[in-house]
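Visitor: So the numbering used here is basically just the index in the sequence shown, starting at one, shifted up by 58.
Honestly, the hints are just simulated from the structure, not real lab data.
Positions of the beta carbon are idealized from the N, C-alpha and C atoms, including for glycine.
Where hints are given, some of them may not hold.
Cut-off 27 Å, straight-line C-alpha distance, at most; resulting in silico cross-link-like pairs (DSS-like, lysine-lysine) [said to hold, decoys possible]:
#, residue 1, residue 2
1, Lys-170, Lys-137
2, Lys-170, Lys-148
3, Lys-170, Lys-108
4, Lys-148, Lys-137
5, Lys-109, Lys-170
6, Lys-148, Lys-108
7, Lys-109, Lys-137
8, Lys-170, Lys-89
Here are the in silico distance ranges between beta carbons for each label pair [as the list claims (entries may be wrong)]:
#, residue 1, residue 2, range
9, Pro-178, Gly-231, 33 to 41 Å
10, Arg-132, Gly-299, 28 to 36 Å
11, Ile-323, Pro-178, 54 to 62 Å
12, Phe-242, Glu-177, 39 to 47 Å
13, Cys-309, Lys-108, 56 to 64 Å
14, Lys-108, Gly-299, 48 to 56 Å
15, Gly-363, Lys-108, 31 to 39 Å
16, Leu-317, Glu-221, 23 to 31 Å
17, Asn-73, Val-297, 56 to 64 Å
18, Arg-72, Ala-306, 30 to 38 Å
19, Asp-187, Gly-363, 32 to 40 Å
20, Leu-336, Ser-114, 47 to 55 Å
21, Val-297, Arg-72, 46 to 54 Å
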Amino acid sequence: MRGYSSSLTLLSDRNIGIFIATNSFSGINGKLLTQFFDRYFPAPQQTSPKKPLALSAEQLERFTGTYRDLEYPRHTFAKLTAPFEHINIKQGDNGTLLVSTPGLFFIGNAPKIQLAPIEPLLFQRVNDDAFTAFEPDESGWIRYAFNPLWAKIGAYEHIPWYETSWVQLGILGFCTVLFLSAIFVYPIKPLIQRLRGKRFQVKQLRWAWRLAGLIGTLNLVFLIGFPLSIWLYGFWRLVYGVPAVAIAFLCIPLLTTFLTLGLFIFTAWAWKNNYWSLVKRSHYSLITLAALVFIPFLAYWNLLGFQF
């Protein structure tokens, strides 16, 4: 049977801990906990609804941003699944907050939950009696959101702007475009010129363009080949081991990281000796920048090395 899920619920004041593990994604964890709490800790009858607390737009703004589920893989390339567990919190109407999942991943089915403040760090859903709590850090910045989507189980951390999906996709897009341009300069453009009976015009530091084309090609092969190999293998089967073809693809970033040092040297050499035109030097510098930025990008997603 595909899948595995688990949950750990701690009631420290009651000296109770509940651990549930299942070999499916059926959602039985939440159903079991609901019945447990209804049976042993029934909610008291509420005599009167809690009065909403009026917060200004500036006060609500500190709660807004992108949050990530705390239960995500931190030390393996399975961290790539983390964006699928992001939620966005923004200001809604009438002094409320609006919780939604990114439309990038849930087009047409993104749930939206409206929260009304009843205490400085406690909100209640407009449509039911579930609560969402927030916790700030020492500086006052909101660090965590508890149970923003479901009535129970769910702690989310407020992530900085550079960890949001759009920023990461922007970095990936920038690198991809520059790698494609490097491949066009070499080897695609020389091949076209050779087919037309012409010679490649860039004679100075020809090996510099060959190196740029090689790095661009290898990085694009990795960006396409690695996720494709995982998809064909089946992501859920990674619990039994990583396929050899995926391990082979993970060797590519290690090689291109070493080769990127050559790009940096050629870039400095070209500017020092005024090789090529200003446009070509700038283009080569952007390719070098993309290759350098790609290294921490891979490291952030645990794709630099064999982290599995």
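Visitor: Now tell me, hint by hint, if it's right for this structure.
Guide: Against the structure, the hints:
no., hint, result
1, Lys-170 <-> Lys-137, "25 Å, holds"
2, Lys-170 <-> Lys-148, "11 Å, holds"
3, Lys-170 <-> Lys-108, "22 Å, holds"
4, Lys-148 <-> Lys-137, "25 Å, holds"
5, Lys-109 <-> Lys-170, "22 Å, holds"
6, Lys-148 <-> Lys-108, "23 Å, holds"
7, Lys-109 <-> Lys-137, "41 Å, violated"
8, Lys-170 <-> Lys-89, "22 Å, holds"
9, Pro-178 <-> Gly-231: 33 to 41 Å, "40 Å, holds"
10, Arg-132 <-> Gly-299: 28 to 36 Å, "20 Å, violated"
11, Ile-323 <-> Pro-178: 54 to 62 Å, "56 Å, holds"
12, Phe-242 <-> Glu-177: 39 to 47 Å, "59 Å, violated"
13, Cys-309 <-> Lys-108: 56 to 64 Å, "58 Å, holds"
14, Lys-108 <-> Gly-299: 48 to 56 Å, "51 Å, holds"
15, Gly-363 <-> Lys-108: 31 to 39 Å, "51 Å, violated"
16, Leu-317 <-> Glu-221: 23 to 31 Å, "28 Å, holds"
17, Asn-73 <-> Val-297: 56 to 64 Å, "33 Å, violated"
18, Arg-72 <-> Ala-306: 30 to 38 Å, "51 Å, violated"
19, Asp-187 <-> Gly-363: 32 to 40 Å, "48 Å, violated"
20, Leu-336 <-> Ser-114: 47 to 55 Å, "52 Å, holds"
21, Val-297 <-> Arg-72: 46 to 54 Å, "33 Å, violated"
Figure legend: structure checked against the earlier numbered hints; hints not met, in rising order: 7, 10, 12, 15, 17, 18, 19 and 21.
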